[in-house]
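S.K.: Given chain A's structure and the hints, the job is docking chain B onto it.
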Amino acid sequence: MSLERILKRAAHEITDGQTINLGIGVPTMLVNYLPADRDVMIHSENGVLGAGRKASVATADPALIDAGGSYITTRPGGAFFDSAVSFAMIRRAKLDMSVMGAFEVDQEGNLANWKIPGKFSPGIGGAMELAQKTKNILILCTHQDKHGNSKILKKCTLPLTAEKCVSRIITDMAVMDVTKDGLVLKEIAEGLTIEQVVQATDADLILGEEVRSF
Amino acid sequence: MDKHTVIEEAIALIPNGADIMIGGFGSPGTPFTLIEELLRQGQTDLTLIKNDANETGIGISRLIENGQVKKLITTHIGLNKKVVDLMNDGSLEVSFFPQGILAEKIRTAGAGSFGFLTDIGLHSEITDKKDIIDWQGKQVKIEPALYANFALFHAGRADTFGNLTYRATAMNFCPLMAMAAETVIVETPNLVTPGSIAPETVHTPSAFVSKVVKIDASGPEYDLMEGRYEP
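Line by line, the protein sequences are chains A and B. Final position of the first sequence in the numbering used here is 216; the numbers increase by one with none missing. Final position of the second sequence in the numbering used here is 226; the numbers increase by one with none missing.
Just so you know, these hints were derived from the structure itself, not from any lab. These numbers were taken from a predicted model, which means no experiment stands behind them. Here a beta-carbon is modelled for each residue, glycine too, at the ideal position from N, C-alpha and C. Where hints are given, some of them may not hold.
[Stated by the list, open to error] Only part of the chain B face toward chain A is listed, based on derived beta-carbon distances under 8 Å:
#1 T42
#2 T70
#3 I72
#4 L74
#5 F92
#6 G116
#7 H118
#8 M166
#9 F168
#10 S213
#11 P215
#12 L219
[Unchecked claim] EDC-like cross-link-like pairs, simulated, lysine to aspartate or glutamate; straight-line CA separation at most 16 Å:
#13 A/K121 to B/D84
#14 B/K125 to B/D114
#15 A/K121 to B/D80
#16 A/K166 to B/D218
#17 B/K77 to B/E50
[Stated by the list, open to error] Here chain A is said to cover these stretches of chain B; the calculated rule only asks that three of the stretch's residues, wherever they fall, bring their Cβ under 8 Å from a Cβ of chain A:
#18 123 to 132
#19 175 to 181
So here's chain A without its partners, still in its complex pose (with noise of 0.2 Å):
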């Protein structure tokens, strides 16, 4: 399905000996499709460098949650401190990678994923921090809302996260980069045509030297 698809490709986008944030939902599903010996340091808002796979129940620590209130576990080598320390390692860049969903987001890298006017707003969280001062912000969401229409946008048309922030984007049809002169269309899902693609995108899309297949 498409949100496995997403996830196995945005798998490999970690490295070992990188310290990144995985954002509520999706992203944090992330941390199943690492393999088990990738040494990355996951960070946590709520005050957790080292965050692990999900606990089970024998293992669940009713005081050990990440920022989505799932139970977890952590590496060796991890910390825990308060809030402030942890946006402090957020904003002062120590971290390599931001994985986020996404509403919108547009060919000059513009993020919107906190406020949907008039229709959900349940605040901020730590979204505009991350999204304005993490070196790369990768974003996995569907191509597509649920009612076909494109994601990845021309411009954003929701309140953003932040300006000109996202490096990547993966989606269950394409990878692609925001560069200086637009969105890069890098690869494309297995079984789906350029042409697909790019009928099924708002934005303008330049194609790569080679679009490979995902």
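M.R.: Below, chain B alone, put in the same frame as chain A:
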């Protein structure tokens, strides 16, 4: 020196209309037993400051559902549909800040200062243009410190002087709130004699703590919530 207090007396210090910081990011750190007593005593017109609104039916959500809360200052309430509905129908005033900005506002108050300068969300709708200044060649916004009358939170361990340690992610906003509020009331299931906590492991030193309440943390709020772990 001894700050060990019975819960009724500690919570009775809180008047109607008080500003109260409540520790906890989700459940860990939330003072469920102190909240229960606040519910029983029934103080009203409260302004609560907490990262989130807990979940429907537990923690501060009960105070909100019971009509004791006038305003909530928070970062994200997405896990509590009931509170989102109360916000949307206008019966609860809610003020949102980015998570780390709320933490820093509290930390700044705890350090005895009045505000700080930041560029988070500078060009977004969360920024009022009148708060933007030029500072050393950069545009930044002024973010005021956030003080409160009271802070209530849970500590994994406390001695009777009020030296505290927190467990795992139950730390979150607690040590910051301890420093920012005038009167700090802490609940703990492990109340120990002074000297039992090694000085170099103290997270919050006793000077910031006003009252320590010993609680029985065997209730369901302190236990695992179903569906949040791997089956």
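S.K.: Tell me the numbers of any earlier hints that the structure contravenes, in ascending order.
M.R.: Hints 1, 10, 11, 16, 18 and 19 contradicted; others consistent.
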